[in-house]
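Peer 1: Listed below are the residues making up each chain.
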Amino acid sequence: MSLQPIPNPEIKSKEIAEQQKSKSLGIEALLRLLKSKTSIIGLIIITILIVTAILAPFIATHDPTTQSIPDRYQAPSGEHWLGTDELGRDIFSRIVYGTQISIRIGLIAVGISMIVGVILGAVAGYFGRWVDQIIMRVIDIMMAFPSILLAIALVAVLGPSLTNAMIAVGIVGVPQFARIVRSAVLSVKETEYVEAARAIGGKHGRILFRHVLPNSMAPIIVQTTLGIGTAILDAAGLSFLGLGAQPPTPEWGAMLSDGRAALQNAPWVVAFPGLAIFLFVLGFNLFGDGLRDALDPKLKE
Amino acid sequence: MSALLELKNVKKHFPLKSEKILSRDKPMLKAVDGISLSVKSGETLGLVGESGCGKSTAGRVALKLLEPTEGEIWFKGEDITNYKGEQLRKLRKEMQIIFQDPYASLNPRKTIEQTLAEPMKIFGMPKVERIKRIDYLLDVVGLSSYHKRRYPHEFSGGQRQRIGIARALSLEPELVICDEPVSALDVSIQAQVINLMEELQDEFNLTYIFIAHDLSVVHHISDRVAVMYLGKIVEVGESNELYTNPQHPYTQALLSAIPETNIHKEKERVILKGDLPSPANPPAGCKFHTRCPFAEEICRLQEPGLKTVSEGGQMAACHFAKEVMMEKVLT
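Chain order of the listed sequences is A and B.
Per the working numbering, residue 1 is the first one in the first sequence, and the count goes up by one each step.
Per the working numbering, residue 1 is the first one in the second sequence, and the count goes up by one each step.
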């Protein structure tokens with residue numbers, strides 16, 4: 001809720017009042033977001049990554065999959081800015097193209113988690129009783145598994161590929177969303193405006209989608225941004241184990257895996273993809289934290 | 001005049017978490033424990049009592065926002081106790097509620113226009129009419145049409161409560177339950193809102209159930225008053241009669257707590273000892289006996305029913321209803 005003084009419409013003339021733009025909660029949250037330094041840093045990192053992904057063909061200096069065995073394990077130089085890997089491929093170009101893949105993984109995996117998690121959590125929290133019991137016990141079972149083990153098991157069943165890795169990482173993220181959404185829905189559904197919506201004859205669907213969920217958005221948005229970071233990390237882990245992106249796809253986790261044999265002689269092969277993952281996750285985490293503060297100022301204290 | 005709304009021995013018990021996992025009998029919080037009330041069309045019934053006595057729960061049960069555990073609810077001569085789904089939704093048009101907290105009762109993500117349009121949308125009013133009616137409603141509650149594009153957080157408490165009233169009136173209801181509509185407002189604003197509610201009552205022929213703990217406000221607005229204590233009605237009667245001649249010791253204690261403005265008037269203060277007992281574990285016999293200055297053996301054993309104590313139809317639930325009055329005369 002805003003702390004700014006409430007305009008007194010009795011004093012203001014009608015014209016002035018009409019000109020004064022009415023600020024929605026969303027715009028006020030955005031202004032708060034832009035005041036925080038960490039979220040700006042996060043936002044800058046994310047923007048750079050997105051621009052890199054879109055402009056990859058123009059930024060990359062080499063083709064990401066062209067091999068050149070004579071040039072293998074070259075240290076960073078003017079020709080190969082970040083060196084070359086075990087097959088002589090340009091690491092800089094591979095990382096640049098890898099951005100596309102990572103962003104796609106992040107968005108799709110988190111998209112799956114969000115859609116499934118929000119539906120499950122909202123239904124469980126809103127209807128309560130046995131519906132809640134059944135859904136949340138299943139979620140508990142999922143949470144009892146270490147997430148990476150569950151993802152590995154899922155990929156083992158589905159077969160190793162980038163798409164299946166995304167699905168697995170998405171499913172692994174569902175419990176987080178379901179829990180967060182459920183608790184938000186539980187608190188929002190007890191508010192008087194939800195009671196008012198019932199009193200004016202609103203049906204369950206209307207109350208859930210027009211009143212309860214819009215007021216539970218803050219934690220969902222925060223979890224989405226934070227979840228992208230985790231999803232990238234999980235997907236990189238799967239690729240590292242050979243269960244995600246298959247060669248020669250320039251996926252960062254797979255690049256780490258390919259380069260680990262030469263860790264001592266050619267550390268750049270591993271260091272730069274690792275750094276890219278680190279930056280990506282850091283960007284989304286900083287931005288997510290900033291978002292949380294902006295959307296729920298009460299938490300900040 | 002026939003009764004618009006009638007509650008017959010309505011109970012609302014909430015299950016509590018049991019400490020013993022395997023125990024069969026679940027402990028119950030008896031928020032409303034058998035109340036009977038009738039509200040005539042066009043009148044205002046005040047419902048008073050201290051916090052936690054079940055008055056808000058009673059209001060919500062009457063609207064069927066909460067399902068009664070026991071008892072019957074009659075509205076316009078129909079038994080609506082078991083109305084569900086579509087039947088109940090149709091009924092919503094005729095009975096509305098104004099909430100206590102104007103900061104919590106408006107969806108913060110909707111503009112005033114959206115909030116006011118929603119009930120009309122639900123009941124299928126065409127858009128052109130809706131827009132007209134929103135302007136009309138805002139005008140009726142003393143706001144202007146340029147307010148409608150704003151969000152709730154841009155308004156003061158009093159203005160928000162006016163919006164809450166406008167929403168309650170948007171479907172032209174007959175019965176409005178006012179759940180402490182002014183207790184969250186500044187005193188100066190309270191009077192404005194109360195006056196507005198009285199004007200609206202005359203204009204739209206509304207019937208109010210006015211729930212409050214502020215006795216002077218209730219006296220001002222109510223035709224009849226019911227006093228609740230621990231989920232029961234202990235006294236009910238015509239407003240002036242009940243205020244000048246309270247029969248139940250609890251009502252006497254409540255009324256004696258109203259500050260007196262006339263300094264020359266000698267005032268006898270009845271001070272209650274102790275706190276409100278827990279409605280999860282109410283005392284046996286008369287529920288008020290633990291705090292009653294006149295309690296005797298019978299009060300601990302037997303629960304008194306409501307009995308008529310005056311020719312005006314005032315009723316009180318006290319074993320000594322007449323005697324309490326006599327004692328007061330003697331001292």
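Keep in mind the hints are simulated off the structure, nothing from the lab.
Please note: incorrect hints may appear among the correct ones.
Keeping only pairs whose Cα atoms sit at most 20 Å apart, straight-line, the calculated PhoX-like set for lysine-lysine is [as the list claims (entries may be wrong)]:
{"#": "1", "chain 1": "B", "residue 1": "LYS84", "chain 2": "A", "residue 2": "LYS203"}
{"#": "2", "chain 1": "B", "residue 1": "LYS40", "chain 2": "B", "residue 2": "LYS84"}
{"#": "3", "chain 1": "B", "residue 1": "LYS40", "chain 2": "A", "residue 2": "LYS203"}
What follows is a set of in silico ranges between Cβ atoms, one per label pair, in the way DEER data are often shown [stated by the list, open to error]:
{"#": "4", "chain 1": "A", "residue 1": "LYS37", "chain 2": "B", "residue 2": "ILE258", "range": "28 to 34 Å"}
{"#": "5", "chain 1": "B", "residue 1": "GLN302", "chain 2": "A", "residue 2": "VAL131", "range": "42 to 48 Å"}
{"#": "6", "chain 1": "B", "residue 1": "LEU16", "chain 2": "A", "residue 2": "ARG137", "range": "22 to 28 Å"}
Computed from a predicted model, the values in this text were never measured in an experiment.
We treat Cβ as the ideally placed atom computed from N, Cα and C, and that holds for glycine.
Peer 1: Give a verdict on every hint.
Peer 2: A quick look at each hint next to the structure:
no.	hint	verdict
1	B:LYS84 x A:LYS203	holds (12 Å)
2	B:LYS40 x B:LYS84	violated (24 Å)
3	B:LYS40 x A:LYS203	violated (30 Å)
4	A:LYS37 x B:ILE258: 28 to 34 Å	violated (56 Å)
5	B:GLN302 x A:VAL131: 42 to 48 Å	holds (45 Å)
6	B:LEU16 x A:ARG137: 22 to 28 Å	holds (23 Å)
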